[in-house]
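Undergrad: Each chain, written out:
There are 2 protein chains.
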Amino acid sequence: MQKPSIPKGTRDFSPVEMSRRQYIFDTVKSVFRTYGFSPLETPAMENLSTLLGKYGDEGDKLLFKILNSGDYSNGLTADEMRSASKICEKGLRYDLTVPFARYVVQHQNEISFPFKRFQIQPVWRADRPQKGRYREFYQCDVDVIGSRSLLNEFELVQIVDGVFSKLGIRVVLKMNNRKILYGIAETIGHADKMTDITVAIDKLEKIGIENVKAELSERGLGADAISELQPILELKGSNVEKLDTLSAIIGGSEVGAKGIEEMRTVFGYIERSGITLPVELDLSLARGLNYYTGAIFEVKACDYAIGSICGGGRYDNLTGIFGLPDMSGVGISFGADRIYDVMTGLNLFPEDVDCSTRVLFANLGYEEEAVSLKLLSEVRRAGIAAEIYPESGKMKKQMEYADRRAIPYVVIIGSRELETQCATVKNMKSGEQYGVRFGEIVDVLK
Amino acid sequence: MQKPSIPKGTRDFSPVEMSRRQYIFDTVKSVFRTYGFSPLETPAMENLSTLLGKYGDEGDKLLFKILNSGDYSNGLTADEMRSASKICEKGLRYDLTVPFARYVVQHQNEISFPFKRFQIQPVWRADRPQKGRYREFYQCDVDVIGSRSLLNEFELVQIVDGVFSKLGIRVVLKMNNRKILYGIAETIGHADKMTDITVAIDKLEKIGIENVKAELSERGLGADAISELQPILELKGSNVEKLDTLSAIIGGSEVGAKGIEEMRTVFGYIERSGITLPVELDLSLARGLNYYTGAIFEVKACDYAIGSICGGGRYDNLTGIFGLPDMSGVGISFGADRIYDVMTGLNLFPEDVDCSTRVLFANLGYEEEAVSLKLLSEVRRAGIAAEIYPESGKMKKQMEYADRRAIPYVVIIGSRELETQCATVKNMKSGEQYGVRFGEIVDVLK
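Respectively, the protein sequence lines represent chains Y and B. If you count the first sequence from 1, you need to add 3 to reach our numbering. If you count the second sequence from 1, you need to add 3 to reach our numbering.
Just chain Y, same shape as in the assembly (with noise of 0.2 Å):
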């Protein structure tokens, strides 16, 4: 018989892995929950016709389709089943954004805007398994609805910083505004390059500045544009330095000037908040949704090379699709497997992660079951994860189970100790034995 296996990009969470992947997502929840986020969750299949189109062509190839249950399928030629639309109505979810906004419009009578929730729930992706990229992955989606204020801009950059500090991993944020995109854009005569541009700037660091302004060229723009661009591309100092710069080359594009405003607000909030969480203006960033109307957020590890771990930006037209127009939303996306990786790699998770079970009672014989039952009951009252090895026999191999399951302490009641009443507490890391009175179990092992 062939060995059971799992679908090609799919996953199995050990306990080890779940209980890292849970103090990861703990940690999220209750921060988000300090800011006034409400959880949600929405199915994992919905209408095809929800999901497609909004994803691009790309994005539609790479949609899990269910197919239609029960006689789907009868007196359909082989072209049609091929369409594909006959047999399946359903789709596994690709992302939380999109189900988030039929949410929002279907449900928009029950809500009260502005409406701050929190989704983290797994999403399939068809995509070419590979290092890093699977199948199926968790997504961790916190964003507002229903308002504008920047106020809502400056919470996701303290949510950023109370994340990150929490899980004890340094990170810098690095904003950029997509009204400054389009302001220099306009700037420069090519409002409708402004993707071009965008991709270009993107591409700043790693093929460094004149390689940027021969793809310029190559993309159509003139020189005289290209020269334009320069003091952009080269810009330096503080934020609010960036910033002054920046207005006087695109503060004659009303967009543009609105985009610098933005952001001067909400380095403004971030500043007097005294948040110590590095914060960078950076014009190369401009991430791939097209949907993004305002600023936008990327957060890096400082001590991991890993690309960005968490991320986002303002909308102001994602429930427009489903037919609920003029409702401006902003949020950002925490990537739980890079989180993952970076603590296993800088090793970050707390050491009491890892266990379970605090104390293994041994199982010596019937007498000895009986007392040590008693005795489990009192430690698993005062809320100590505890478990008695079920079957009376060999110490050894209770020990090994106690070992590999890296269970920090045995209690071992036997004859002798049944005598004196003193079980004997062993700590499996120091190797360490001693005695310890029944009625002081609890107390010893809290």
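Do not take every clue at face value.
Since copy identity is lost for identical chains, a pair holds within one copy or between any two.
Stated by the list, open to error - Cross-link-like lysine-lysine pairs, in silico, DSSO-like; alpha carbons within 27 Å at most:
| # | residue 1 | residue 2 |
| --- | --- | --- |
| 1 | Lys449 | Lys169 |
| 2 | Lys6 | Lys32 |
| 3 | Lys169 | Lys377 |
| 4 | Lys11 | Lys64 |
| 5 | Lys209 | Lys134 |
| 6 | Lys11 | Lys57 |
| 7 | Lys216 | Lys400 |
| 8 | Lys216 | Lys245 |
| 9 | Lys64 | Lys134 |
| 10 | Lys6 | Lys57 |
| 11 | Lys399 | Lys429 |
| 12 | Lys377 | Lys216 |
| 13 | Lys303 | Lys169 |
| 14 | Lys245 | Lys449 |
| 15 | Lys32 | Lys377 |
| 16 | Lys377 | Lys239 |
| 17 | Lys89 | Lys64 |
| 18 | Lys177 | Lys377 |
| 19 | Lys32 | Lys169 |
| 20 | Lys261 | Lys245 |
| 21 | Lys177 | Lys216 |
| 22 | Lys89 | Lys6 |
| 23 | Lys239 | Lys400 |
| 24 | Lys397 | Lys261 |
| 25 | Lys209 | Lys196 |
| 26 | Lys6 | Lys64 |
| 27 | Lys32 | Lys177 |
Calculated directly from the structure, the hints in this document are not laboratory data.
For this one, chain Y is given, so just place chain B on it according to the hints.
TA: Okay, now just chain B, sitting in the frame of chain Y:
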């Protein structure tokens, strides 16, 4: 534009529903952990070869199949496609038990047995949706595999007691044993008819003893066999008395005697533990799943009519289907949806479960906001979930928001409050307002 919707039989969980569901899951998890069980998660998709043939023909039909991505249908005829096996290789998991068995076999060399795991994840079934039956719902399973000790059965009884006491639901735990059912069938000379006899006895409460006898006769039992069954159908008294009576009747069956012995042991553990949970031997308890081989469990709520809210049993060969024989295990599953309904119906959720944010700071202008933000940070740092209304504006709108979100306290800082350095705190439930010095806000709200 049509208002968007979700596939039938699926649900969105709003923030209030989420908080209540989370309360149930957190309670259940905390008990599982105290008993030394560790979390596990498996992927939503499994290979169809893992799922097919494990749930009977009916179950196979209820699997949600996932279309292969890419050129899946190239060159296939309509008939080939209709067979689905060519275009689908993956399906959504139908329960947590089969993926658990698959996990144990696949990872047998990494696992320390006995393996105590819990798993809380959604499952999908293409059932016809109806009231209380969904196509996506959570299961909440706890199992120990790799140990035949009856301590495990006892531990599950303790977990049932622990979970429902914590949730405040009065329940009765009904137990039976497949070996006893076999022993009965064997004793009356119809070992081959164990299922028929079980199905008939199962209806005792509903249709009464005479109708059960009629059904047994229809199912091919002779008058002698039926009259032998009579004392078993009329079994009365305490669990021990029932076992004594049973022993006198079916003690000659080796398997039956083993079943009785097992129940004596489990009831002995329960009695010595002083648990107050009512546990009843109920011979009419059969449970549908055919893989049970020993103890079976079922929990009913005492004060709410809804069927069983938790159930499970001992299985001896779950992993055999994947090539790993002789792995005995025992487990139970908590029905989160029904528990939710019971708790809603009996009004058992703690009052503060629904309230996510404790404090709203009103927003009354630029200077007021700056002071509010400072105090807000302090409140949050003390672990209190708090937010500020993101737009300064009409007080009425802000109060309505607090009201609809069920936020219990609103902190108001206007020009007068700035002058006196003393915020107005409004209790939204009583309507009371009082002044609190800025420096004392955290202490007062705690």
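Undergrad: Determine for every hint whether it applies to the structure shown.
TA: Verification of the hints:
In this assembly of identical chains, the alpha carbons of Lys449 and Lys169 lie at most 27 Å apart whether taken from the same copy (25 Å) or from different copies (22 Å). Proximity of Lys6 and Lys32 under a CA criterion of 27 Å is satisfied in neither setting, with 38 Å inside one chain copy and 31 Å between copies. Taking identical chains as interchangeable, the C-alpha atoms of Lys169 and Lys377 lie at most 27 Å apart only when they sit on different chains, with a minimum of 20 Å there against 39 Å within one chain. In this assembly of identical chains, the alpha carbons of Lys11 and Lys64 lie at most 27 Å apart whether taken from the same copy (17 Å) or from different copies (24 Å).
Taking identical chains as interchangeable, the C-alpha atoms of Lys209 and Lys134 lie at most 27 Å apart only when both belong to the same chain, with a minimum of 22 Å there against 57 Å between chains. In the homo-oligomer, the alpha carbons of Lys11 and Lys57 lie at most 27 Å apart both inside one protomer (25 Å) and across protomers (22 Å), since each shortest distance falls under that limit. Taking the closest pair of Cα atoms, Lys216 and Lys400 never come within 27 Å of each other, the shortest separation being 69 Å inside a single copy and 51 Å across copies. For the homomeric pair Lys216 and Lys245, the shortest alpha-carbon distance inside one copy (20 Å) is at most 27 Å, but the shortest distance between copies (90 Å) is not.
Proximity of Lys64 and Lys134 under a CA criterion of 27 Å is satisfied intra-copy only: 21 Å inside one chain copy versus 35 Å between copies. Taking the shortest alpha-carbon separations for Lys6 and Lys57, only the inter-copy value of 16 Å comes in at or below 27 Å, while the best intra-copy value is 39 Å. When the C-alpha separation of Lys399 and Lys429 is checked against a cutoff of 27 Å, the pair qualifies only within one copy, where the shortest distance is 13 Å, while the shortest distance between copies is 63 Å. When the C-alpha separation of Lys377 and Lys216 is checked against a cutoff of 27 Å, the pair qualifies neither within a copy, at 77 Å, nor between copies, at 45 Å.
In this assembly of identical chains, Lys303 and Lys169 lie within 27 Å of each other by CA distance solely inside one copy; the values are 16 Å within and 42 Å between copies. In this homomeric assembly, Lys245 and Lys449 never come within 27 Å of each other (Cα to Cα): the closest approach is 55 Å inside a single copy and 42 Å across copies. In this assembly of identical chains, the alpha carbons of Lys32 and Lys377 lie at most 27 Å apart only when taken from different copies (22 Å versus 37 Å within one copy). With identical chains, the CA atoms of Lys377 and Lys239 are never at most 27 Å apart, being 69 Å at best within one copy and 31 Å at best between copies.
Both within a single protomer and between protomers do Lys89 and Lys64 lie at most 27 Å apart by alpha-carbon distance, with minima of 16 Å and 19 Å respectively. Proximity of Lys177 and Lys377 under a CA criterion of 27 Å is satisfied inter-copy only: 24 Å between copies versus 57 Å inside one chain copy. Both within a single protomer and between protomers do Lys32 and Lys169 lie at most 27 Å apart by alpha-carbon distance, with minima of 12 Å and 23 Å respectively. In this assembly of identical chains, the alpha carbons of Lys261 and Lys245 lie at most 27 Å apart only when taken from the same copy (15 Å versus 82 Å across copies).
Within a single copy, Lys177 and Lys216 get their C-alpha atoms as close as 23 Å, which meets the 27 Å cut-off; across copies the closest is 77 Å, which misses it. For a Cα distance limit of 27 Å, the shortest separation of Lys89 from Lys6 across copies, 22 Å, qualifies, whereas the shortest one inside one copy, 35 Å, does not. When the C-alpha separation of Lys239 and Lys400 is checked against a cutoff of 27 Å, the pair qualifies neither within a copy, at 65 Å, nor between copies, at 43 Å. Proximity of Lys397 and Lys261 under a CA criterion of 27 Å is satisfied inter-copy only: 25 Å between copies versus 75 Å inside one chain copy.
With identical chains, the CA atoms of Lys209 and Lys196 are at most 27 Å apart within one copy only, with a shortest distance of 21 Å there and 75 Å across copies. Proximity of Lys6 and Lys64 under a CA criterion of 27 Å is satisfied inter-copy only: 25 Å between copies versus 31 Å inside one chain copy. For the identical chains of this complex, Lys32 and Lys177 are intra-copy neighbours only, at 23 Å inside a copy versus 38 Å across copies, given an alpha-carbon limit of 27 Å.
Hints 2, 7, 12, 14, 16 and 23, counting from the list given before, are not met by this structure.
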